[in-house]
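**Q** In this text, residue positions in the sequence shown follow my numbering: the first is 1, and each later residue adds one.
I should point out that these hints are in silico values taken from the structure, not numbers from a laboratory.
Keep in mind that this is a model prediction, so the values were computed, not measured.
Just so you know, even glycine gets a beta-carbon here, dropped at the ideal spot from N, CA and C.
Be a bit skeptical, because a hint or two may be false.
[Stated by the list, open to error] What follows is a set of in silico ranges between Cβ atoms, one per label pair, in the way DEER data are often shown: (1) Gly84 with Asn51: 23 to 33 Å; (2) Ile107 with Asn8: 37 to 47 Å; (3) Ala66 with Glu114: 17 to 27 Å; (4) Glu12 with Ser119: 42 to 52 Å; (5) Ile120 with Ile39: 17 to 27 Å; (6) Ala9 with Leu112: 40 to 50 Å; (7) Gln73 with Glu6: 41 to 51 Å.
[Claimed, not checked] Below, simulated BS3-like cross-link-like pairs (lysine-lysine); rule was C-alpha separation at most 30 Å, straight line: (8) Lys29 with Lys87; (9) Lys85 with Lys27; (10) Lys110 with Lys29; (11) Lys29 with Lys96; (12) Lys97 with Lys87; (13) Lys27 with Lys110; (14) Lys27 with Lys96; (15) Lys97 with Lys27; (16) Lys97 with Lys110.
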Amino acid sequence: MKSLAELNALKEKMKNKVAIRQEDGDKTKIVVGMATCGIAAGARPVLLTLNEEVANRNLEATVAQAGCIGMCQYEPIVEVFEPGKEKVTYVNMDEKKALQVIESHIIGGKILAEYTVGSIAK
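Take these sequences, add in the hints, and give me the full structure.
**A** The structure is reproduced here in structure tokens:
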């Protein structure tokens with residue numbers, strides 16, 4: 001940064017990006033933990049599978065990456081945020097499970113409880 005004007009321009013640019021993200025509030029968001037622990041556990045193929053399926057099926061959802069979700073022992077982790085509903089956290093994911101989440105949860109509206117963080121507490 002060389003001037004206050006540059007800083008203000010950056011601020012405006014970032015404000016617009018935040019506004020764009022907030023406009024997606026009526027869409028389902030699928031977030032994959034892509035910190036080092038997630039990548040080491042196989043999150044990259046899970047992310048690619050989710051991206052491909054959402055695109056190929058023209059689903060009203062966005063797929064995004066996140067940093068550390070804080071439960072490294074359960075990676076790869078996928079979180080599903082649906083408008084007006086509680087977040088669902090899927091753990092120990094792989095490509096096959098990711099496809100099932102798309103089919104059952106995202107398309108069918110049925111949470112796969114056996115893959116959720118709640119299932120590991122039992």
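**Q** Would you mind marking each hint as holding or not holding in the structure?
**A** Against the structure, the hints:
{"no.": "1", "hint": "Gly84 with Asn51: 23 to 33 Å", "in the structure": "holds (24 Å)"}
{"no.": "2", "hint": "Ile107 with Asn8: 37 to 47 Å", "in the structure": "holds (44 Å)"}
{"no.": "3", "hint": "Ala66 with Glu114: 17 to 27 Å", "in the structure": "holds (23 Å)"}
{"no.": "4", "hint": "Glu12 with Ser119: 42 to 52 Å", "in the structure": "holds (45 Å)"}
{"no.": "5", "hint": "Ile120 with Ile39: 17 to 27 Å", "in the structure": "holds (21 Å)"}
{"no.": "6", "hint": "Ala9 with Leu112: 40 to 50 Å", "in the structure": "holds (45 Å)"}
{"no.": "7", "hint": "Gln73 with Glu6: 41 to 51 Å", "in the structure": "holds (43 Å)"}
{"no.": "8", "hint": "Lys29 with Lys87", "in the structure": "holds (10 Å)"}
{"no.": "9", "hint": "Lys85 with Lys27", "in the structure": "holds (12 Å)"}
{"no.": "10", "hint": "Lys110 with Lys29", "in the structure": "holds (16 Å)"}
{"no.": "11", "hint": "Lys29 with Lys96", "in the structure": "holds (19 Å)"}
{"no.": "12", "hint": "Lys97 with Lys87", "in the structure": "holds (18 Å)"}
{"no.": "13", "hint": "Lys27 with Lys110", "in the structure": "holds (17 Å)"}
{"no.": "14", "hint": "Lys27 with Lys96", "in the structure": "holds (24 Å)"}
{"no.": "15", "hint": "Lys97 with Lys27", "in the structure": "holds (22 Å)"}
{"no.": "16", "hint": "Lys97 with Lys110", "in the structure": "holds (14 Å)"}
Violated hints are absent here; each numbered hint is respected by the structure.
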